[in-house]
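*Asks:* What follows is the residue order along each chain.
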Amino acid sequence: MAYFLLIIGAMFVNNFVLCQFLGICPFLGVSKKTDTALGMGLAVIFVMGVASIFTWLIQLVLVKFHIEYLQTIAFILVIAALVQIIEMVLKRFMPSLYSALGVYLPLITTNCAVLGVAILNISEFGIAGAGSLLQSFLNGVFSGVGFTISILLLAGIRERMDLELVPKPFRGFPITLITASIMSMAFVAFGGLLG
Amino acid sequence: MKGQFLSNKLGIVKNGILTSNPTFRLVLGMCPTLAVTTSAFNGLGMGLAATIVLVCSNALVSLLRKVIPDKVRIPAYVLIIATFVTMLEMLLKKFVPTLYSALGIYLPLIVVNCIILARAEAFASMNKVGDSILDGLGMGLGFTLALVVMGFVRELLGAGTIFAGSLGSVEFGITQDAFPNYKLPDYALGIFVLPAGGFLTLGILMALVNYLSDKSKEKKEKEHEAKLNRALAVAQAVESANGVQNDAAPAKEEE
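Protein chains in written order, with this note's numbering: chain A, 1 to 195; chain B, 1 to 255.
Hints were generated in silico from the structure; no laboratory data involved.
Just so you know, even glycine gets a beta-carbon here, dropped at the ideal spot from N, CA and C.
Hints may be right or wrong, so weigh each one.
Only some residues are given here: those of chain B computed to face chain A with a beta carbon under 7 angstroms [stated by the list, open to error]:
hint	residue
1	34
2	85
3	200
4	211
5	213
List time: in silico DSSO-like cross-link candidates among lysine-lysine, alpha-carbon distance up to 30 angstroms [as the list claims (entries may be wrong)]:
hint	chain 1	residue 1	chain 2	residue 2
6	A	64	B	71
7	B	222	A	168
8	B	14	B	220
9	B	219	B	9
10	B	9	A	168
11	A	168	B	94
12	B	227	A	168
13	A	64	B	94
14	B	227	B	217
15	A	168	A	91
16	B	93	A	91
17	B	227	B	14
18	B	215	B	71
19	B	14	B	219
20	B	215	B	14
21	A	64	A	168
22	B	217	A	32
23	A	32	A	168
24	B	215	B	9
25	A	32	B	128
26	B	66	B	128
27	B	217	B	14
28	B	93	A	168
29	B	14	B	222
30	B	215	B	227
31	B	93	B	9
32	B	94	B	14
33	B	217	A	168
34	B	9	B	94
35	A	33	A	91
36	B	93	B	222
37	B	14	A	168
38	B	71	B	128
39	B	128	B	14
The task is simple: from the sequences and hints, build the whole structure.
*Replies:* Here it is, written out as structure tokens:
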């Protein structure tokens, strides 16, 4: 039950994009078409899941040597290296998935959602025992799912909005932001779910 | 010569603040822009923190631009930025703990703020140290300006205060203490402090900036057109005058 609540919370109540403002750049930048939005979303789920595990392990090392203040530097390095390695492994062993994720993988290094989930995991679940590792992993994956849901919804709306006559100053980013605002209002309602 | 030099340097700073404002024109660094601007004071703190990191990282990247190999430049930049962010984090924790807790997770996330990496890549890696520092300053101040405007609007509408939490804060409206017998209604629009209000405020501000810049562009074009018309009229007048002379010339020959 606790894990179920964790999953719902990560996907809807604390939706990364619409409730926590993490990963806004790809949310606005890669949401013109639903298929590219889906590609970006899948890449984010993948990297966030793997990064959650690795940063948990790195934090163990940091705590052991009493150098927790290096957290930011260590995490960003690990994420950058991880993205690079994932890219190489996928290219070698899963070329079809690699070509599907393609250009979005390198972009993820500077996606604040990944570093954000790593830091939030440590501060929320700590590093004590395997339970917190599982929690971190689930939180990472399902936060990624939440990101994918919101970017897909926005991309669907934007595809339709291309056909509408939007006032000139509002074209492009402004109307997208206002759309996101209305979506965010809807997601606020999920807050009541967990009390 | 010296005046031109000075105006060049000022041009770099002005470019960052107005012409290519990172928030309204380049649309970079959206996460902190939306997240921490629930009050003008937080916006100011975030903006200044990013400015400090931006100036320092631009300076160091520019100094090392001939040392860093091209292939590993992005990781190198990220490492430089992360170092400065960590230093700033420690300083804020020690000296401004209220701001440290208000900025929360968005303070370490300055590392992945695209403005800083974008300026390192697009400006500092190709320009001299002095210019890079000025570019960092201009971009940082432009970012700060945008954050303060956002924070100001959201705080005013959402909480009914101006610069609360800092010196000289102003609270609007009639306070409940003045009317002990009535229950005054709450006029604050709470939605502006919520995420939805952040998106809405930024969308409308961005549309406003687009509208104003379109208008000034139109005005410039009209002025340009008027100038062209005037020049054309002069040219035509000259031509017709010449034409009269030309007409007159053969007539003379005939004589």
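*Asks:* Taking only the CA atoms, is the gap from residue 215 of chain B to residue 9 of chain B under or equal to 30 angstroms?
*Replies:* 28 angstroms, holds
*Asks:* Under the criterion that the straight-line Cα-Cα distance not exceed 30 angstroms, is the pair residue 93 of chain B, residue 222 of chain B satisfied?
*Replies:* This hinted pair is violated, its Cα atoms lying about 54 angstroms apart.
*Asks:* Residue 32 of chain A and residue 168 of chain A: Cα distance at most 30 angstroms?
*Replies:* Cα-Cα ~18 angstroms, so holds.
*Asks:* Does residue 128 of chain B sit within 30 angstroms of residue 66 of chain B, going by the straight-line distance between their CA atoms?
*Replies:* The hint holds at about 11 angstroms.
*Asks:* Taking only the CA atoms, is the gap from residue 128 of chain B to residue 14 of chain B under or equal to 30 angstroms?
*Replies:* 18 angstroms, holds
*Asks:* Below or equal to 30 angstroms on CA atoms is what counts here, so check residue 227 of chain B against residue 14 of chain B.
*Replies:* 27 angstroms, holds
*Asks:* Does residue 34 of chain B pass the interface check with chain A, least Cβ-Cβ distance below 7 angstroms?
*Replies:* 5 angstroms, holds
*Asks:* Regarding the pair residue 64 of chain A and residue 94 of chain B, is the alpha-carbon distance no greater than 30 angstroms?
*Replies:* Distance of about 24 angstroms is within 30 angstroms: holds.
*Asks:* Would you check the hint for residue 14 of chain B and residue 168 of chain A, treating anything up to 30 angstroms between C-alpha atoms as holding?
*Replies:* The hint holds at about 26 angstroms.
*Asks:* For the pair supplied as a hint, residue 33 of chain A and residue 91 of chain A, is the alpha-carbon distance within the 30 angstroms limit?
*Replies:* 25 angstroms, holds
*Asks:* Do the alpha carbons of residue 9 of chain B and residue 168 of chain A lie within 30 angstroms of each other, as the hint requires?
*Replies:* Status violated; Cα separation ~34 angstroms.
*Asks:* Quick check on residue 213 of chain B please, does its C-beta sit within 7 angstroms of some C-beta on chain A?
*Replies:* Violated. Min distance 9 angstroms.
Hint violations for this structure: numbers 5, 6, 10, 11, 15, 16, 18, 21, 25, 28, 31, 32, 34, 36, all remaining hints satisfied.
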